[in-house]
Amino acid sequence: MTAQDSATRPVAVAAQHGGHASGSALAALGVASFSLSFPAAAWSLTGFGPWTSTGLRGAVAGVLAGLYLLASAAPLPTRRQWPGLLVVSAGCVLGFPLLTTLALRTSSTAHSAVVIGVLPLATAVVAALRTGRRPSRVFWAAALAGAAAVLAFTLLQSHGRPTLADLYLFVGLLVCAAGYAEGGRLSRELPGARVIAWAVVAALPAMLLTSGYGLAAEPVHLGAKALAGLAYVAAVSQFGGFVLWYRGMAAIGVPRASQLQLAQPLLTLLWSVLLLGEDLPVAAPVTAVVVLLCIAVTQRARV
Numbered sequence: 004m005t006a007q008d009s010a011t012r013p014v015a016v017a018a019q020h021g022g023h024a025s026g027s028a029l030a031a032l033g034v035a036s037f038s039l040s041f042p043a044a045a046w047s048l049t050g051f052g053p054w055t056s057t058g059l060r061g062a063v064a065g066v067l068a069g070l071y072l073l074a075s076a077a078p079l080p081t082r083r084q085w086p087g088l089l090v091v092s093a094g095c096v097l098g099f100p101l102l103t104t105l106a107l108r109t110s111s112t113a114h115s116a117v118v119i120g121v122l123p124l125a126t127a128v129v130a131a132l133r134t135g136r137r138p139s140r141v142f143w144a145a146a147l148a149g150a151a152a153v154l155a156f157t158l159l160q161s162h163g164r165p166t167l168a169d170l171y172l173f174v175g176l177l178v179c180a181a182g183y184a185e186g187g188r189l190s191r192e193l194p195g196a197r198v199i200a201w202a203v204v205a206a207l208p209a210m211l212l213t214s215g216y217g218l219a220a221e222p223v224h225l226g227a228k229a230l231a232g233l234a235y236v237a238a239v240s241q242f243g244g245f246v247l248w249y250r251g252m253a254a255i256g257v258p259r260a261s262q263l264q265l266a267q268p269l270l271t272l273l274w275s276v277l278l279l280g281e282d283l284p285v286a287a288p289v290t291a292v293v294v295l296l297c298i299a300v301t302q303r304a305r306v
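Every position in the sequence shown, counted from 1, becomes a number in the numbering used here once 3 is added.
Hints are computed from structural coordinates only; laboratory data are not their basis. Idealized CB from N, CA, C, for every residue including glycine. A portion of the hints provided could be inaccurate.
Ranges of calculated distance between the beta carbons of each label pair, as one might list FRET restraints [stated by the list, open to error]:
id, residue 1, residue 2, range
1, Leu158, Val292, 17 to 23 Å
2, Pro194, Leu132, 24 to 30 Å
3, Gly69, Tyr216, 18 to 24 Å
4, Asp282, Thr81, 49 to 55 Å
5, Leu73, Leu279, 46 to 52 Å
6, Gly69, Leu218, 42 to 48 Å
Take the sequences, apply the hints, and build the full model.
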């Protein structure tokens, strides 16, 4: 190593740590914005049916994404990038919103949020299979412990008998994990905003069809709460939050970023109490401590 290398190495290391810190901050902001998605979706259900809410959510987000792409003069993705973008569309724009909205008809926001707590582990597994990167054993041990805590909480809340809503939620988290992992991978080639924008625009025809079906089959009761919930899930949950999330993923990697989402159910529990007046489960504080400890370990583990 030359003297010049020795002099520049601390600067490079500091820059790398700075990049990880900013990436973690962006991913954490994405998680915070997603944590309000279930309460907002529950609000939207006070005026719209699940198919209508999902379709309008995607349609409005598609318009916003299209305006962004036009304003930024974004070039078309390459042919090689489109399959991944369609995975993001299917998982994060259509599958996850519809399945979780269907679940929220019969499941509380608090319960649904904790079930989705398995999402970080599922995302890390899909990312490892897709990219070939192998996180360390410490990482996997902490991730599995966090997921186990969430699953134990779920079974405790449902008295050991998973419901149809739980089935919707588990299928939803699987398709969402695929979308998260693929979006995180694509964000190394495209800006995170363009990844989600193209994915949302690609889903726009399906969202318009879903909206049409929902409006024809389900009653609509317009109200301030329903409109506010719909506006949030469309502008933030379906678009703005993903911009932050995918940029953070690109900076710190999919496995590490995904584990930050272990905090999302805990934040959603807080919103469910403050915004929806739901009762906080007794086991929630214990689960919170376990999950936060697991997050700390995954953020320090080698990936």
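These are the hints, each one checked on the structure:
Look at leucine 158 against valine 292: about 19 Å separates their beta carbons, and that is inside 17 to 23 Å. Here the CB-CB span from proline 194 to leucine 132 is close to 25 Å, well matched to the stated 24 to 30 Å. Between glycine 69 and tyrosine 216 the beta carbon distance is about 22 Å. The supplied range of 18 to 24 Å therefore holds. The supplied range of 49 to 55 Å is met by aspartate 282 and threonine 81, whose beta-carbon atoms lie about 50 Å from each other.
Remark: the range hint 46 to 52 Å for leucine 73 to leucine 279 is contradicted by a beta-carbon distance near 37 Å. Distance hint check: the CB atoms of glycine 69 and leucine 218 are about 21 Å apart, inconsistent with the given range 42 to 48 Å.
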